[in-house]
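*Asks:* In case you want the letters, here they are:
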Amino acid sequence: MGPLRYRLPSRISTRAVLARLGDTAIIAAEPGGASARQYLDTADWRLYGSGRTLEVGADRWGAGTLTLRDARSGEVQATAEMENAPAEARDLPWDPVRSVIEGRRLLVQATAQARLQRLAVLNPDAKTVARVFLDRFVVVEPAGGRHVLRFVTVVPVRGYSSWAARITAALEEMGLQAAGVPLIVSILAATGRAEPGADRGPGVPLEREMPAAAAVGAVLERLRNHVVANEEGVRQQLDIEFLHDYRVAVRRARSMVRQAGGILPAGQVSALAGELGWLGALTGPPRDLDVHLEELEGRTERELEPLRAYLAEKRQHAQLQLLSALDSERYKLLIDQWQSMVSGSPGPYSEEAPDAGRPAGEVADEHVARAYRRVLKRGRAIHAGSPAEALHDLRKRAKELRYLLECFQTLYPDHDRTAAVKELKLLQENLGEYQDCQVQAVALQTMADELMERRVPAATLMALGRQTDELERREAQAREEFEARFARFSSARNRRRLESLVGMRT
Amino acid sequence: MRVIAAYSIKGGVGKTTTAVNLAYLSAVEGARTLVWDLDPQGAASYMFRVKPRVKGGGRRLVRGRLDVDSLIRGTDFDRLDLLPADLSYRHMDLHLDTTKRPTRQLARVLAPVRDQYDTVVLDCPPSLSLVSESVFEAAARVLVPMVPAPLPARTLDQLQAFLKAREMRRPPKVMAFFTMVDRRRKLHREIITELAGTRPEVLAAEVPASTTFEQMGMRQAPVEIFAPRSSAAAAYRKLWDEIRDQGEF
Chain A
1 MGPLRYRLPS RISTRAVLAR LGDTAIIAAE PGGASARQYL DTADWRLYGS GRTLEVGADR
61 WGAGTLTLRD ARSGEVQATA EMENAPAEAR DLPWDPVRSV IEGRRLLVQA TAQARLQRLA
121 VLNPDAKTVA RVFLDRFVVV EPAGGRHVLR FVTVVPVRGY SSWAARITAA LEEMGLQAAG
181 VPLIVSILAA TGRAEPGADR GPGVPLEREM PAAAAVGAVL ERLRNHVVAN EEGVRQQLDI
241 EFLHDYRVAV RRARSMVRQA GGILPAGQVS ALAGELGWLG ALTGPPRDLD VHLEELEGRT
301 ERELEPLRAY LAEKRQHAQL QLLSALDSER YKLLIDQWQS MVSGSPGPYS EEAPDAGRPA
361 GEVADEHVAR AYRRVLKRGR AIHAGSPAEA LHDLRKRAKE LRYLLECFQT LYPDHDRTAA
421 VKELKLLQEN LGEYQDCQVQ AVALQTMADE LMERRVPAAT LMALGRQTDE LERREAQARE
481 EFEARFARFS SARNRRRLES LVGMRT
Chain B
1 MRVIAAYSIK GGVGKTTTAV NLAYLSAVEG ARTLVWDLDP QGAASYMFRV KPRVKGGGRR
61 LVRGRLDVDS LIRGTDFDRL DLLPADLSYR HMDLHLDTTK RPTRQLARVL APVRDQYDTV
121 VLDCPPSLSL VSESVFEAAA RVLVPMVPAP LPARTLDQLQ AFLKAREMRR PPKVMAFFTM
181 VDRRRKLHRE IITELAGTRP EVLAAEVPAS TTFEQMGMRQ APVEIFAPRS SAAAAYRKLW
241 DEIRDQGEF
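Chains A and B are the protein sequences, given in the same order.
With the working numbering applied, the first sequence corresponds to residues 1 to 506, in that order.
With the working numbering applied, the second sequence corresponds to residues 1 to 249, in that order.
In case anyone wonders, no lab produced these hints; they're calculated from the structure.
Don't take every hint at face value.
Listed next, the stretches of chain A that the computed footprint assigns to chain B, with coverage defined by at least 3 CB atoms under 8 Å from CB atoms of chain B [what the hints assert, rightly or not]:
#1 118 to 127
#2 157 to 163
Not close to chain A: a few residues of chain B, all C-beta gaps over 10 Å, as computed [to be verified]:
#3 GLY30
#4 ASP67
#5 ASP157
#6 ARG169
#7 PRO208
#8 ASP245
The beta-carbon is built from N, C-alpha and C at its ideal position, and this holds for glycine as well.
This is chain A alone, in the form it adopts within the complex (with noise of 0.2 Å):
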């Protein structure tokens, strides 16, 4: 038996529950304390991924104390004392949480004030039997509004559960309800948010009756709050994991409404995919080049200094150009127009799109199975010699697939759509190694034309080309496994997966 906490609702006082508890067993106050908490994690949340959560706790005296615990039970599993925050995984002093968080940064993902009472629960030899700690947390938001939670927690002590179960039972013959969901889950809701990773995908919840337009609706405006959301951090370079999100959000967004023909009104789609593919192809460069520092990370040969220093220098002017575009008209129009087009109403039937009001399932169900016939037409025709592009317009077809089966994940059973995907990602990975290789290879080659007029020693130009090397036999290697891995992408029996899918023969 772990702890177990217990949400204490506004009707019932400290004072009724320390009452109760005396009525149950002898009770010893112990050591309490204040402390302003800051709760942090990755951009993607990777510690609470892992199970686990991280305060940042600074007493009266702003002395602080690092604590991990167990994200479920709210265990302790690690302590230390600290003198400045975390930033990222090498200020921390625990190896396998390092591990978690590898290059990202951590940000404050929320605070709050808490102020804890501690009780032992003592048997007759006077031993400790349990633990009670009632808490009281204020949440504060970035608006200035405030949320109290208060909680009651019983902590079993080794060897004599049965003193816990007594207490829990008298807690629970109050009206107190076991809180169910890690206490980050509560402080993050008593704002408004949404447990950590839940709205990161473009899962939406769909119905396969409800109407096309409003299906598309629901994903485009999900994928609209994720670019607003990710927005501030791309800004301030928080973490290259916001461009990242940034980046898929708009891609995904470009690639359904571009899909949407027949669903949205045409004149509104073609305007917005063009908008959206403005905004993708800005975050394009940023997002390479960030790719490209954080594979120097970690490496410290001299001779690459130039190149990082060379790297930063592009990235920052990216970063300039990209400040600009969200600073611009254009952008406050686009995500304007966005808005516009997910909350207005499914119209009757028009011309324009004559699909809008048939069941989202039905309509969605051909797409994909449109877009399957795409990626299987296309991988048919490549042979030994076809050129680059038809490997590059490939794997465009791939993604389209595979965004559409992520988009309207809510409307097909998980198990089927994750082993559809499971093989479409297999195919997905070959050609993106293919294409990355390449187009690495010549931006390296830019790079070193580049380098070479700035007079860098010879050794960064000769490290560069090793690079390059490498990155053409990965290249070579990627393109003689396609077609192991193509074959296996258009075996009959992943045909029949995806056909059992969406109901209908490809």
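Given chain A, put chain B in place with the hints provided.
*Replies:* Just chain B now, kept in the frame of chain A:
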């Protein structure tokens, strides 16, 4: 999991005091710590207010017939647990003797909880017996408290000779230290100086004779809890630092 034994051939030299206080320091530092009270008198169990009783019997426990997990009790302190004593431990030699490889048996009993603890402290009964042999097999460090009485070197010699005769694959490192030291007494000073100069296994930290330790029995808690500023508490902190400074194990 690092296993440390508080051990002495003689009784009344401060084994339990050492086991309890060091285990507490280990837990405070963040290590998940277990004290196994092997002494049938159950002094360590008493210190932690846990009933000295093994449900199912000590005999079955050392024979590996009991689920050790269910016998462990949490103490009043975070991360510090206890495997209680049992009166039947007074026959532990006999119980061990009936097992296949008696000297491996204690280590085997602890195996199921290996992943649950970073530090295990064994509080051993005073003797040089099959139980001691099993302790030496299980532990990486053997802490030997010594009172500064004449001929303390003899105790150490006996122990070292015993370990050598066993021809163990990985014999534990012996770490001796003085307890109940009264620096005002010339004899104490002389004995300590002489032994510290000639025996490398003698640690620099020494635990003073102090009424604080007598209070431990009354308070039923480590000295750090009720007298953190006492010389007694400082002595154990220094001892713990010194043990750790001698390398990970």
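*Asks:* Each hint should be assessed against the structure and marked as holding or not.
*Replies:* Going down the list of hints, with the structure as the test:
Check on the segment 118 to 127 of chain A: 4 of its residues sit with their Cβ under 8 Å from a Cβ of chain B, so the three-residue criterion for coverage holds. Counting residues of the segment 157 to 163 of chain A whose CB lies closer than 8 Å to any CB of chain B gives 4, so the stated coverage by that chain holds, three being the minimum. The claim that GLY30(B) is not at the interface with chain A is violated, since a C-beta of that chain comes within 10 Å of its own (minimum 6 Å). Look at ASP67(B): its CB is around 12 Å from the nearest CB on chain A, clear of 10 Å, so calling it non-interface holds up.
Against chain A, the non-interface label of ASP157(B) holds: every CB pair exceeds 10 Å, the least being about 41 Å. At roughly 29 Å, the least C-beta separation between ARG169(B) and chain A is larger than 10 Å, which holds for a residue marked as non-interface. With 10 Å as the threshold on Cβ separation, the claim that PRO208(B) sits away from chain A holds: the shortest Cβ distance comes to roughly 28 Å. Every CB of chain A is more than 10 Å from the CB of ASP245(B) (nearest about 19 Å), matching its label as outside the interface.
In terms of the numbered hints stated before, the structure departs from hint 3 and from no other.
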